[in-house]
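Enquirer: Sequence:
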Amino acid sequence: MRSLMILFLGLSLMACGDDLQKKSAPDTNGPDNNLNNETNNQASNNGTVQGTNNQTVDPNNQTNNQTVDPNNPNSNNNTNTNNQNTNNTNNTNNGTIVVDPDVCILVDPLSINFGDVPVGSTARAVVTIENCSSERNKTLLIDSVEAAGDRFIASAPLATEVPYGLLTSFAVEFKPTSGLGYSSQIVIETNAGTRTIQLNGTGIANTTCPTAMASGRVGTSGNFSGNIAAIPLDTVNLSAAGSMGSGGTLSYEWSVLERPTGSNVRLSPNATVMNPSVFIDLAGSYRFELRVYENGVESCVPANVFVRATADEDVHVQLVWDTPSDPDQTDPTGTDMDIHYKRSTGVWNQEPGDIFWRNRTSDWGNFGLDDDPSLDIDDTDGAGPENVNHNNPTSDTYSVGVYYYKDNGYGASTATVRIYLNGALETERTKLFPTEGQFWHAADLQIPSQTLTFPDTLIAGFPTSP
Numbered sequence: 040m041r042s043l044m045i046l047f048l049g050l051s052l053m054a055c056g057d058d059l060q061k062k063s064a065p066d067t068n069g070p071d072n073n074l075n076n077e078t079n080n081q082a083s084n085n086g087t088v089q090g091t092n093n094q095t096v097d098p099n100n101q102t103n104n105q106t107v108d109p110n111n112p113n114s115n116n117n118t119n120t121n122n123q124n125t126n127n128t129n130n131t132n133n134g135t136i137v138v139d140p141d142v143c144i145l146v147d148p149l150s151i152n153f154g155d156v157p158v159g160s161t162a163r164a165v166v167t168i169e170n171c172s173s174e175r176n177k178t179l180l181i182d183s184v185e186a187a188g189d190r191f192i193a194s195a196p197l198a199t200e201v202p203y204g205l206l207t208s209f210a211v212e213f214k215p216t217s218g219l220g221y222s223s224q225i226v227i228e229t230n231a232g233t234r235t236i237q238l239n240g241t242g243i244a245n246t247t248c249p250t251a252m253a254s255g256r257v258g259t260s261g262n263f264s265g266n267i268a269a270i271p272l273d274t275v276n277l278s279a280a281g282s283m284g285s286g287g288t289l290s291y292e293w294s295v296l297e298r299p300t301g302s303n304v305r306l307s308p309n310a311t312v313m314n315p316s317v318f319i320d321l322a323g324s325y326r327f328e329l330r331v332y333e334n335g336v337e338s339c340v341p342a343n344v345f346v347r348a349t350a351d352e353d354v355h356v357q358l359v360w361d362t363p364s365d366p367d368q369t370d371p372t373g374t375d376m377d378i379h380y381k382r383s384t385g386v387w388n389q390e391p392g393d394i395f396w397r398n399r400t401s402d403w404g405n406f407g408l409d410d411d412p413s414l415d416i417d418d419t420d421g422a423g424p425e426n427v428n429h430n431n432p433t434s435d436t437y438s439v440g441v442y443y444y445k446d447n448g449y450g451a452s453t454a455t456v457r458i459y460l461n462g463a464l465e466t467e468r469t470k471l472f473p474t475e476g477q478f479w480h481a482a483d484l485q486i487p488s489q490t491l492t493f494p495d496t497l498i499a500g501f502p503t504s505p
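In our numbering, the protein residues as written are 40 to 505.
A portion of the hints provided could be inaccurate.
Each pair of labels, with its calculated beta carbon distance range [to be verified]: (1) G258 x G159: 27 to 33 Å; (2) Q489 x A310: 38 to 44 Å; (3) T216 x N262: 39 to 45 Å; (4) T400 x V138: 28 to 34 Å.
Simulated from the structure, these hints should not be mistaken for lab results.
Built from N, CA and C at the ideal position, the CB exists for glycine as well.
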């Protein structure tokens, strides 16, 4: 049911009233899945990224998005004191792609400065490539990603065909072998033209601090990586295998540095085990950081694992909410909102034409086909998320609504609805609910045109007609 296009985030370069008792909800924090015996050799770290105005940006706060002229990339005159004659290339089409002027590409970041990295360690950053075309039928094709030299290594992109509105990404690693300054470039060849990213880093002599190495994978099979493709409701297993010190006992400290707004993702069973797991609850970008300690000495540089989760259904509707008077929206007591997804002949809060907590799926389509909607998460005690997925929807008008089921004494709450079509975020809408028992008709979606309209009405109770 889920075939995925995958993808990630950074700076930027652009070309172009129900009285029934509700059933118990599944644990939206996902299963605990400890992999303390896994081993791998993947290392990661963060780099500093910058745009064409030479402004250095902290990679731990990637919120400064800049639009720049892709035809005038910033050049860096630093010279590499090591001669590098080897190219690290990931070819996909052997130069056969023809440039299409109607295809738009957004590359982020424009440059990466890894800073000081101990010799023998590995620093990692992630570059994202977005299809920013204005036409839905335009696909961004990536022919090759090439890094000059053998100290900077570019991985193959997670996807080489990027549909309208989606992103892909690739990892860049810096592995200094001596205490010198290094500089290089990455060249990206696509059907939107050629893009160049400047790379810089400095090797420093080995110190007594331990080395943090981090990676992860979806589920319990497959290769570990520092840049992971996922879909909502996946479990990602993280690993600190490969971290090393000088022979003492290592301890681990994981943290969540980046998550989509409204996500309640957390490290399980806790943030200090060697190999925690995380339940990916929302579509969007995540970054997990590892710091390693040996006898109280912290690792020279932290390691990072990047995850990009993309909705893989034709229609993906997401609900999160925020209740300011609830001091802990992740504990078992909190407010309860419900997502509703209705076809044109359905009646709100009634089976079978409305998908909600009491009617998690229904036969709306053709016999034998994968074309029925489903409610995959129902959260009853906090801030969400809840989501509805619908693949291969038949021609109809589908409506999205939100009902404030119970405030449990916490009062007003603000709901946010996000609607994804073919994996791309089409709209994000918010509405303040002053009290429980109110219903918001947020949006109508016409299929097959994929046209969205927004009634944006808030009433007491459910509407009495379709």
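Enquirer: If a hint holds in the structure, say so; if it does not, say that too.
Expert: Hints and how they fare:
1. In this structure the hint that G258 and G159 lie 27 to 33 Å apart at CB holds, the actual value being about 31 Å.
2. Between Q489 and A310 the Cβ separation comes to about 41 Å, which falls inside the hinted range of 38 to 44 Å.
3. Distance hint for T216 and N262: a CB-CB separation of about 25 Å, inconsistent with the stated range 39 to 45 Å.
4. For T400 and V138, the Cβ-Cβ distance of about 45 Å falls outside the hinted range of 28 to 34 Å, so the restraint is violated.
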